Structures are given as C-alpha cells and as structure tokens.
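Here is what each chain is made of, one letter per residue.
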Amino acid sequence: MESILPYLKTIYLEVGDATTAETLNVAANPSAYKYFFRVFPPNSSMLGTYLLEFFGALKYYSQNGLEDVPNVTNVGILAEDAAWTQPIMTANGGGPMSGELPQDLENILGYNVVYSSFFPLTTTDFTPYLQQMATLHVQLIVTLMATDDSIYFVKQWGTFPWPNGKPLVAGINVLAGLQPGYWNATDGLASSVISLGAIPPVSIIDQYFPENFSGQQYAYSFNITEAYDDFVKEFGAPPFYTGLGSLSAVFVLANAIQRAQSLNTDKVIGALEKTDLLTPEGIVRFTSDHDLNAANIPIYWAQWHSNGQIYPIWSYLYPSKIFFFEPPS
Amino acid sequence: MYTTSQFLNFAYGSIYTLVAYLAYYFLRISIGVWFSYLLAMTIGVLLSILIYHFAQPQRIGSLRSAAFTIASALLIEGIVEEFFGENYYSFPLKSYLAGYNRILYHTIGVPVQNQALLAASLSSATLLGVWFLLYRTKLGYGFRALALDESQAELVGVNAKLMGFISAAVGGSLVSEASLLLSPSGVLYPDMGWVPLIEAFGVVIVGGLGSLRGTVIAALGVSLVYEVVFYLVSPVYSALVPLALAALTIALRPNGLYGRLK
Chain A
3 MESILPYLKT
13 IYLEVGDATT
23 AETLNVAANP
33 SAYKYFFRVF
43 PPNSSMLGTY
53 LLEFFGALKY
63 YSQNGLEDVP
73 NVTNVGILAE
83 DAAWTQPIMT
93 ANGGGPMSGE
103 LPQDLENILG
113 YNVVYSSFFP
123 LTTTDFTPYL
133 QQMATLHVQL
143 IVTLMATDDS
153 IYFVKQWGTF
163 PWPNGKPLVA
173 GINVLAGLQP
183 GYWNATDGLA
193 SSVISLGAIP
203 PVSIIDQYFP
213 ENFSGQQYAY
223 SFNITEAYDD
233 FVKEFGAPPF
243 YTGLGSLSAV
253 FVLANAIQRA
263 QSLNTDKVIG
273 ALEKTDLLTP
283 EGIVRFTSDH
293 DLNAANIPIY
303 WAQWHSNGQI
313 YPIWSYLYPS
323 KIFFFEPPS
Chain B
532 MYTTSQFLNF
542 AYGSIYTLVA
552 YLAYYFLRIS
562 IGVWFSYLLA
572 MTIGVLLSIL
582 IYHFAQPQRI
592 GSLRSAAFTI
602 ASALLIEGIV
612 EEFFGENYYS
622 FPLKSYLAGY
632 NRILYHTIGV
642 PVQNQALLAA
652 SLSSATLLGV
662 WFLLYRTKLG
672 YGFRALALDE
682 SQAELVGVNA
692 KLMGFISAAV
702 GGSLVSEASL
712 LLSPSGVLYP
722 DMGWVPLIEA
732 FGVVIVGGLG
742 SLRGTVIAAL
752 GVSLVYEVVF
762 YLVSPVYSAL
772 VPLALAALTI
782 ALRPNGLYGR
792 LK
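For the protein sequence lines, the chains are A and B, in the order given. Just remember that the working numbering sits 2 ahead of the position in the first sequence, which is counted from 1. Just remember that the working numbering sits 531 ahead of the position in the second sequence, which is counted from 1.
One or more hints might be untrue.
According to the in silico footprint, chain A covers these stretches of chain B (three or more CB under 8 Å from chain A) [claimed, not checked]:
hint: 1; region: 620-633
hint: 2; region: 657-664
hint: 3; region: 709-722
In short, the hints are calculated from the structure, not lab data. Keep in mind that this is a model prediction, so the values were computed, not measured. Cβ atoms here follow ideal geometry from the backbone N, Cα and C, with glycine treated the same way.
So that you can see chain A by itself, here it is in the shape it has in the complex (with noise of 0.2 Å):
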C-alpha cells in the first residue's frame, strides 16, 4: 500500500505494522509520500526497547526473589522471519541501547543467550525448535511472533516432555492479545504466557497502573473504560491491539481537520504533523519522519492466567511493581 501512496496521495494512517520502511521512505522523499503516518504501534526500534525494559525488570525481581518470578540465566530467541523482527534481531537503531536484542541481553543484562533463531512464517512444527532448546537448557523462551505460528508454537511448548522444567514465554507475541479467542485456539495452553501488545480489561489497569507520565496525573479527556467496555458489548470480546490503533487514528484525524479547518489534504497533513492529542493510545505525537513518537504511549506487558484470564503484569510507568505473575507449571 505504502508504495503506492505517491500515486493515490490519500493520507494514509497506518496501524498494526511496526517495520520502519515507511517512515524511512518519509524521511528520504518527503513529497511524495508525506502521507504516511504511523498511529499505532510504535515501530520496531522501540519495541525492542521494551522488549529489554521487561526483562530487566524480570532479571530484578527473580534476582531479588520476587512475586515467584523464576530464576532465569540461559535464554533462547525465537523469531518469525519477518520484516518487523529485523530492526529488534540485528539493530536495536534509535533507542538507548544499541545492538542485536541477543547482543543486549547479554551484554546489558547479563542473560546467557544459548540459543536465536529465525523461522518461516509457514512453520506449523516447532518440535526442533523446542528440541534444541531443551538441549541447551533454555530457561526463558524470548518470542517475536505476530502471526497464527504462535498458536502451533503454544500448543507445542505447552505439551513438550521438558527435561528440565517448562521455560517461561515471554515477549511479542501479538495473537496472545486475542481474547477469548486465543486461549481456545490455543487449547488453554497459554497459561504463563507473557505478551506486550495485549490489551487487558482497562478497569484492571486503571485500578493497578496509576495514570502517570513523567510524575505527572493527567486526566483523559473521555473515558476509556467506557469505550472498552462499549467495544466488549458491540463486538462481543474485548479490542485487538489493532482496535485501540484504529480508535485513535479516527480522534487524530478528527483532530486535524478540525484544526485544519478544512478537507483538504496538504492542510490536513500540516495539521497531523502538530498533532499532540490524547486518544485511547496514549498521547499522540508525530515525529518529523511521520513515526509515532512513543514517549507518551503506555505499554503494558500482559500474562495469561490458568484461569483463561489474561492480567497486566508490569508496565514502564509503575516499574517496581509486578503484579499477578503466575510461574509456568
């Protein structure tokens, strides 16, 4: 679609896709494809931020014997062969931290890596995956996955004969937010899964997460519980990651032609590059590349329970606190 946008010149709100192409084509041609604009999520750069913010947060607790968090040292990496997983794999570009995401967890961390790979977005068999992980001893299985192979990848990992002890799942694994829908597909086998990306009942965060960016309360401008639950009772089942995306994208572009006080579209793109909105994401801001500016967005990291329930766990905002982590079994 992104290639195409010089030709159709249609503002283009992008929501689901982390890679940075697009941005990158922003910055290097900015006429032709001022367009684009990423809402949601933030791109892979940041996502492999968060990725290290969480588990040094887990090395910390375990390390200090906190909240039956595992004591973790040999890690293994698995990702899908994708374009939104290269930027997190080879380069961590942009964030605080520089490096492969094997590289920083060890370097940084103090993870013991045994174990990174790719595999094809049509794998349905991870036996050898999980086989070689068992070999090494792998403690913590680190996911990047957004497509239904996490489903095969569950069930799998949830069944497998581990010699020693089932490692904990945890990072991006984007189906894990599909609730219910995930917790059946998957058999309830996704009991201790760890996901960032979910987007848990807002009541549970509310309650848990206090509102806070950089020290300060801040109030929404409407109220999120109720467009949750409103979104639970029209679709029967809580928002996918991509449903808060698209509920912001519509109050930023709202936005901007209000402030733009017209349809048309150049005025309106000068008016989505000055966008500073508070929306069901977070607060929405614009980079001069056309990217999310992640500063103000919460990002919560999320755990399915034996239950069938999925909880928020820990968040940047609040981080000493983890909160209903349940250990794999």
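Start from chain A and add chain B according to the hints.
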C-alpha cells in the same frame, strides 16, 4: 488423477480446509466423533466430484479447467471465512492424542507428537490401500490403462469418463483424510490449505506426475533434504525446499523421478 484425466485440481487445498472446519463444527454440535469425521469426509468427496464435473479438461480445455479449480478454491475459502469468521479454532483432541509421545521420548529421546504418529500410521495404511487399488484390482487396471493410452483403453471397454469421476472421488477422499489427520494438531484458519497444497505440489513434481512410487520416494527425499537444510544451513531456507526441488526437477528432469508424461 492427472494421468487418468489430465486434471489438476488446485481446489484440493480449500477442500482440505473445508473438511477440517466441517469436522470441527460437527464435533462441536456433538454428533459423535466417527460420524463427524465420516460426514465431513463425505462432503469433501462430493465436492471434489462436483468440481471435476464442471472442470473436466476434455470438455473445457486444460487452461479453463485449472482456472476453474483456482476460482473454486477461492470461493470455498470465502464461504468458510463468511460462516466461521477469521477467528482461530482448535480441534478438541482426545487426551491420549494431545501432545508428545512420552514413551518414545524417554526411550529414544526423540519428541514426536501423538497425532503425528497416528497420521503416519494411518497414511501408511492408506498408501498400501491405494497401491492395492491400483495394482491388484480391476479398477486399478483401468486407471493404469488410461494412464498409458486413453484411446486404447477405451477400445477395450474402459469408461474414461466414469474413471475420471472415480479418480476425483479417490482424490477427494485422500485430501479429506489428510485434513482430518493433520488439522487436529494445529489450528484452523481460512487459508490454511494453501501451504499443504503447495508442498504437495512440489513433492508430486519431484516424484513425477502419475507415479505413486515416485511420490512416496519424493516425499521421503524432500523431507530429508528439508531437515538437512534446517540443521546445516538455516531454518528459514528450509521452507523453500519443496518448491526449490520442484524447480530443479522441472529444469533437469521434467518427468520427475518416475513420472511419465503422455
């Protein structure tokens, strides 16, 4: 099927998908495991026959026939998506079939899924059955006669049109069986049939169109090369093996290992 009636059915992948979804649905409405599977298979067979009826190459030409099967594939996929949505579904497996076989793992250290063991056993038995059908029955003689020379076969009383429908039925039943053996260990989604179709296509090209022996040997060979590439080169490149070998076969030995083009 190809050597009998020169018919390439690209809708087999969608039939594979539809049979899996139907079996899942029948299991959910609790009409019994065996009846659910049998009913799903029957529908798969009937659909295969129906597609062949409209897409007979002798009637509409090979190109239109292939196009019709591709269109049928997309139509079936669309219908599945319309009725079941884009959600992911998982078969309710019996507990003794779920997961990995612990006895094998603890004795020889190799993890194999129980469903995979069942699939390997039943598909081996099916292969023997197909071999018996082709080489030990009158029906099989008819198929092989048509494969050698259609006009000569018709002269000695082989009904080519009827044999075409029978081979469509056999093909449909094999695809349905494959679906019911492989789907339970995975997940159901509307376009799940394309990957097995493409891999099967690659294997059949390597083995040679129309050769059962070639297909079996090619399947084993392709699997072996797949594993070698996985462990010695890269897991990412292993996914390319079936089609890469197919391309190589077409370039170097167009008939495949044991195929015989008319």
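### Message
If you test the structure against every hint from before, which numbers come out violated?
### Response
2
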